Amino acid sequence: MAFNHKHILGIEQMSAEDITLILDTAESFKDVSLRSIKKVPTLRGKTVINVFFEASTRTRTSFEIAGKRLSADTVNISASTSAVVKGETLEDTAKNLEAMKPDIIVMRHSCSGAPHYLAERCDFSVINAGDGAHEHPSQALLDLLTIRQKKGHIEGLTVAIIGDITHSRVARSNVYALNKLGAEVRLCGPGTMLPPGIERLGAQVFDRIDDAVSGADVVMMLRIQQERQGKTMLPSLREYSMFYGLTPDRMKLAKPDAIVMHPGPMNRGVEISSAVADGPQNVILDQVENGVAVRMALLYLVSGGEKLEDSAQ
Amino acid sequence: MGKSETIILDEAAISRALTRIAHEILEHNQGTDNVALVGIRTGGDHLALRLQSRLQDIEGVTVPLGTVDITMYRDDLASRGSLPVGKTDIPFPVDGKRIILVDDVLFTGRTIRAAMDALMDIGRPRNIQLAVLVDRGHRELPIRPDFVGRNVPTAASEQVMVRFDDQLRPVEVCLSKP
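Order-wise, the sequence lines are chains F and C. Using my numbering, the first residue of the first sequence is number 18, and each one after it goes up by one. Using my numbering, the first residue of the second sequence is number 5, and each one after it goes up by one.
These are calculated hints, taken from the structure and not from any lab test. All values reported here derive from a predicted model rather than from experimental measurement. Keep in mind that a hint or two might mislead.
To give an idea of the chain C side of the interface with chain F (calculated C-beta under 10 angstroms), a few residues [to be verified]:
| no. | residue |
| --- | --- |
| 1 | Thr75 |
| 2 | Asp79 |
| 3 | Gly85 |
| 4 | Leu87 |
| 5 | Pro88 |
| 6 | Gly90 |
| 7 | Phe111 |
| 8 | Gly113 |
| 9 | Arg114 |
| 10 | Gly127 |
| 11 | Asp170 |
Where is the CB? At the ideal position from N, CA and C, for every residue including glycine.
All chains should be built: construct the whole structure from the sequences, respecting the hints.
Okay, here's the thing in C-alpha cells:
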C-alpha cells in the first residue's frame with residue numbers, strides 16, 4: 018500500500034490502512050535504534066526544521082533524533098529564539114522558512130489549526146507536533162505502536178483514557194486512532210474536564226475512574242496541565258488525586274495483564290502514584306522509545322508522499 | 005502492445021545452478037568456516053534459504069542465514085517515493101564473517117551497493133562475496149559477482165523476473181520484452 022499524504026496534520030484525516038502502514042514502517046525503523054551504528058542514509062540531503070512555539074523536551078528531542086538517525090539535517094527553532102517574539106506573524110515566519118528551502122517542517126503551536134494554516138500556504142511537508150487542544154498525531158501513533166507491541170493487536174481492546182480531556186490533544190488523537198483500528202475507548206475525568214458532546218468522537222464517557230478502569234486492557238493517564246487550569250476546574254490537586262489518581266488498588270480493577278501508559282511528563286502523586294508509575298505494568302519508557310521510531314517513519318513517509326500524489330494523477 | 009515473455013531458466017535449471025553455486029562457495033572459501041549467507045529482500049532471501057539447504061546437503065553444516073532489507077539505503081527516494089520498509093534480520097554477529105550476499109537478478113549494481121552499506125552499518129565482515137542467480141549486465145557501479153547462475157545478455161528496456169511458488173521455491177526465470 019502506498020502512503021500518499023504530503024502532510025501529517027492529524028489522525029482524523031488518516032485511514033486505518035494509513036495508520037497500520039505507519040506502525041509497520043516504525044517497527045522496521047525501530048531496529049535502527051538498537052544497533053551500534055544508529056544511522057541510515059535514507060533522508061540524506063533533506064532538511065527538517067523543528068519549529069516549536071510551545072515548550073517541549075520529549076517531542077522535540079524525539080523528532081530531532083529521528084531526523085538525525087535518517088541522516089537529515091535538522092534545525093531547531095523555539096518561540097523564545099524566533100522572530101515571533103519580535104512581532105512577526107506566523108505566515109511571515111513560514112514564508113521566511115520556506116525561502117530557506119526546507120523539506121519538512123515539524124511544528125508545535127498553542128493555536129489549534131496552526132500547522133494546517135502553514136500546510137495550505139507553503140510547499141514543504143508539515144508534521145503536526147501538537148496544535149493547541151486539537152491533535153497530537155505522533156503521540157497517538159507511538160501509543161498505538163506500544164499497545165500493539167504489548168498486546169499483539171489493537172482491535173477489540175478496551176482503552177481507558179483518564180484526566181484532563183478538555184485540554185488534551187493526546188486524548189483526541191488517540192480516540193480517533195483507536196476507533197479507526199477497532200478498539201473501545203473510554204474517557205474519564207471530572208465534569209469540568211470533559212467537554213460537552215465529547216462522546217460524539219466515538220468514546221464512552223465515565224465520571225468515576227473505578228468504572229472506567231474496570232476490565233480495561235490499557236489505562237492511559239493524562240497529565241494535569243497545571244499551566245492551563247483555571248481556578249474553576251479543580252478545587253485542589255489533592256482532591257483530584259483522591260478521586261482520579263491511578264493507584265495500585267484501582268489498577269486491580271483492570272484486567273490482570275493491563276498496561277499503564279502516560280504521555281509524560283508525569284505529575285507523580287497527582288494523576289498517577291509512584292507505585293503505579295514505576296510498577297511492572299507501566300510501559301511509559303517503551304512509549305518514549307517507540308516515539309523515535311514512529312517519528313522516523315513519519316519523516317520517511319512524508320518525504321515520498323508528494324511524489325506518490327504526483328504519480329497518482 | 006503486449007509484452008512477450010521467454011523462460012530462460014526452468015525449475016530444474018535453477019536447481020542445477022544453485023547446486024553449482026553452492027559447490028563454488030565451498031571451494032572458494034575452502035569449506036564453511038565463518039561463512040554466512042545474507043539474502044536481499046525480496047527474492048534473494050528465498051534463494052539464500054535454498055543455498056543454505058544445498059550447503060547443508062553437501063557439507064553437513066548449517067551456515068548462518070540472514071536477510072537484509074535495503075529500502076532505507078536506496079538512493080532513489082526522490083524519484084520513487086517512500087516504498088514500504090521491510091525488516092532486516094541478521095541473527096548472528098557479522099564481525100569477521102565471510103558474508104555471501106545473495107540476490108536474484110544483478111542489474112545496475114545499486115541494490116548491491118545499498119546492501120553492502122546496510123551490512124557495514126551492522127558490523128565489519130571479513131569480506132563480502134556476491135552470489136546471483138542471473139547477471140543481466142548494465143552495471144552503473146563497479147560491482148562484479150563472485151558466483152553467477154546464468155549470464156543473460158539483455159537490453160536495458162527488457163525485464164528479468166525470478167518467479168517463486170507458494171513455498172517460496174524458485175520455479176522459473178523469465179525475460180520480458182516490451
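Hints versus structure:
Restraint check, Thr75 (chain C) versus chain F: the minimum CB separation of about 8 angstroms is within 10 angstroms; hint holds. Against a cut-off of 10 angstroms between C-beta atoms, the interface hint on Asp79 (chain C) holds, since the closest Cβ of chain F lies about 8 angstroms away. With 10 angstroms as the threshold, the beta carbon of Gly85 (chain C) comes within range of chain F, its nearest partner Cβ sitting at about 3 angstroms, so the hint holds. A least Cβ separation of about 7 angstroms between Leu87 (chain C) and chain F falls short of the 10 angstroms threshold, and the interface hint therefore holds.
A hinted interface residue such as Pro88 (chain C) counts as satisfied when its beta carbon comes closer than 10 angstroms to some beta carbon of chain F; here the least separation is about 7 angstroms, so the hint holds. Look at Gly90 (chain C): its Cβ gets to within about 6 angstroms of chain F, closer than 10 angstroms, so that hint holds up. Residue-level restraint check for Phe111 (chain C) is violated (minimum Cβ-Cβ distance to chain F is 21 angstroms; threshold 10 angstroms). Interface hint at Gly113 (chain C): violated, since its Cβ lies 17 angstroms from the closest Cβ of chain F, which is beyond the 10 angstroms cut-off.
Proximity of Arg114 (chain C) to chain F is violated relative to the hint, the smallest CB-CB distance being about 13 angstroms (cut-off 10 angstroms). Using the Cβ-Cβ criterion of 10 angstroms, the hint placing Gly127 (chain C) at the interface with chain F is satisfied: the shortest such distance is roughly 8 angstroms. Interface restraint check for Asp170 (chain C): the shortest CB-CB distance to chain F comes to about 22 angstroms, outside 10 angstroms, so the restraint is violated.
Of the numbered hints listed earlier, those contradicted by the structure are 7, 8, 9 and 11.
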